[in-house]
Amino acid sequence: MKFLKNFLVVISLLTLPFSAFAVDENFPNDKVAIWGDFSGITLDVKLIGGAPYDPLYEVMIPIWEAKTGGKVSILSKKSHFELDKEIKQDIAAGNISYCVVSNHTSFATQYGDIYRDLNGIVPKDFLAEFVPLVLDHSTVDGRLVQLPQHSDVSNLWYIKSIYEDEDNKKRFKAEYGYDLAPPETLEQWKEQAIFWSDPPNFYGTQYVGKEEAITGRFYELVIAEGGALFDEGMRPVFNDEAGQRALQWFVDLYNAQAVPAGVLNYLWDETGLGFASGTVALNLDWGGWGAYFNSADSKIGGDVGLVRFPMGSGGKRGGWSGSHTYSILNGCPEENLEAAASLIWILTNHEAQMHEARGGKLPTMTRVWEDIASEMDADGNAFMSDLFSTFSASMAEDAFTPPLIPEWIPFSNIIFPELQAAIVGDKSVKEALDDAAKETDYLMQDAGYY
Amino acid sequence: MSRKFFSGPFILILPSILAIGFVIIIPLIFSFYTSFTSYKLTRPDSLFNFVGLRNYERLIDNTKFWYAFGRTILFLAVVLNLELLFGLGIALLINKITWGQRTLRTIMMFPMMFSPILVGFQWKYIFNDNIGLLNNFLYLFGYESAIPWLIDKYLAMGSIMVAEIWANTSIFAILLLAGLLGIPRDPIEAARVDGCNSWQVFKNITLPFLMPFIFIALTIRSLDVGRAYDIVHIMTGGGPAMRTELIWTMIARIGYKDANMGFANAMSYVSIILSIAFTYYFFTKLVAARRDLGQQ
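These protein sequences, in sequence, are chains Y and F. Residues in the first sequence are numbered from 474 upward in steps of one, following this note's numbering. Residues in the second sequence are numbered from 3 upward in steps of one, following this note's numbering.
If you are wondering where the hints come from, they were derived from the structure by calculation, not from laboratory data. Source: prediction; values computed, not measured.
Think about it this way: if two alpha-carbon atoms lie no more than 30 Å apart in a straight line, the pair counts; the simulated BS3-like pairs of lysine-lysine are:
#: 1; chain 1: Y; residue 1: Lys-772; chain 2: Y; residue 2: Lys-551
#: 2; chain 1: Y; residue 1: Lys-911; chain 2: F; residue 2: Lys-66
#: 3; chain 1: Y; residue 1: Lys-911; chain 2: F; residue 2: Lys-259
#: 4; chain 1: F; residue 1: Lys-259; chain 2: Y; residue 2: Lys-903
#: 5; chain 1: Y; residue 1: Lys-642; chain 2: Y; residue 2: Lys-772
#: 6; chain 1: Y; residue 1: Lys-551; chain 2: F; residue 2: Lys-259
#: 7; chain 1: F; residue 1: Lys-155; chain 2: Y; residue 2: Lys-558
Based on the sequences and whatever the hints tell you, model everything.
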């Protein structure tokens, strides 16, 4: 019986390349298709959930189930922070026998060797479609542990009409001595945010204020200011002058009431929905909100502009970046492996990436960047064309990942309360960063870096 | 000996012993053991990396933990006292009502029916500085500044206390109402005949009768509040800048987000001291109160 089972697995894996190279009528723009007859197979999966992610599942999973006869059982669907905690508990409990899980390039290094190497499971021709650098970032210890669905990097969204208003232009010039235009530097961003603010009705800007979100924002400002989080030996150096300038930027905006008072409780939903409510002038955010910001559902629909991340005094732009991905776990039974590969294919293929890109998410396939730009141009959608050209430039010139080390999240949990302490005035900027650096030093020593 | 061991009564309680063993004793022993290891959730092999008292030694120097510990004691003290006061007030008022008491008792229990997660979201929305009900209500009366309820050094903890008290005061009210309904009428009527006013009746008769119920309620709630997590996690996550960090939000972050379960378990065992201290104190008081009433 066991021999028969193994024989069937081997046969199914051998037939995978044949089905993989067949172009599918449902997805004519996909050069590689991974279908199969998965009747009787139920794939247990855990996915990142929420408004930006669910529409893709609602479209693709029913197609996959109808075409293959397989079933997808979603064991868990939650925010990535919650999913991260759940995966860690699953590892501890030895409960990692489900097949497919959402992942992220910033998180993947923490989980040890629970993922399968996708080289050999996913056809090479399909992998060749992805931006090579993004695949590099998806690789841990030489193993491709995740397949990227979309990337994220942030740029600065603004309300166009307030920048076009002649009265605003005159007032701004009189106060700051230069013409009002969307900010090109961090200093201009701060000045303009203060200029626009009229709390509690209207705020100049906002930032995500807790957990890994504010750590990442601080990180990219440190880079823009010409600094770094760690030196080459992985010792913390973010408490130097560049780091202090970066943190001072957050503090100044908070003290000037140019950001909402509750900003330290904000995460991505709060900033995105806040900007769409028309009460914030400048909002640093990813492209995934783009279509929504400019839609009729948003109070600023049709009045949204976009510029690259302003430059810091170090002559660099922020570009904290990562990719949302899917992984297959080692615990996924061999007989379900082909079905799992098929599922992550349908969630990351050309069709899926075009679906997501229409909302503003950044593709991870080279060809999709070109195809989405052509589609938007053909539709005469200048807003989305501008979105993709701006984000394309950021991905090419500015994007950098956080250190891809297992200590990223523990490091974040050390530093973010200290950043908050400086912002609310419980500590000075220097004091907060020194305290964070001291604790980080212990963390890195314990992890064996030095 | 063996005949006694396998006697009928023992066999009858064996399922309970096994259930308690598997559900309580074994996990307790296991977690206590892990507090002496460098156990990380994401590295199951670290379970066998024995580090002796290192986790406990680090705890002693960890000022953030002791601040959270102190904050938890403050939280316990304020919340328990206010819940007791409000619960007692509500119970006394409902006890006076002769019509519709059952309906009111049911309505009073509504907050207890919400899950703590839902209570957290509900109060997070009410206290939101931008779109929250409270600030927008204040704007109606000409207040022009957004009050950062969940950010301010004092207001943030106060806001969480309000949510906790709103959700759980009815536990006190129900327990104390049960006590009030059980008080014999004779001593009260005798006191009134002797010329005692309402305050004297309450202080000298009603309250002493209620004291055992009060200490039972305090014991139950001190264990609950000492483990407060859900509402705090949802409303502030312990922040900002650890201003609302209680021991269990801290332990959860270190245990689950940092995956540093060995250290988190060491924190948990030190934190249990708090629960034991409160429980011991209230039980001592309970025994004394029962003794005063002439009960065993």
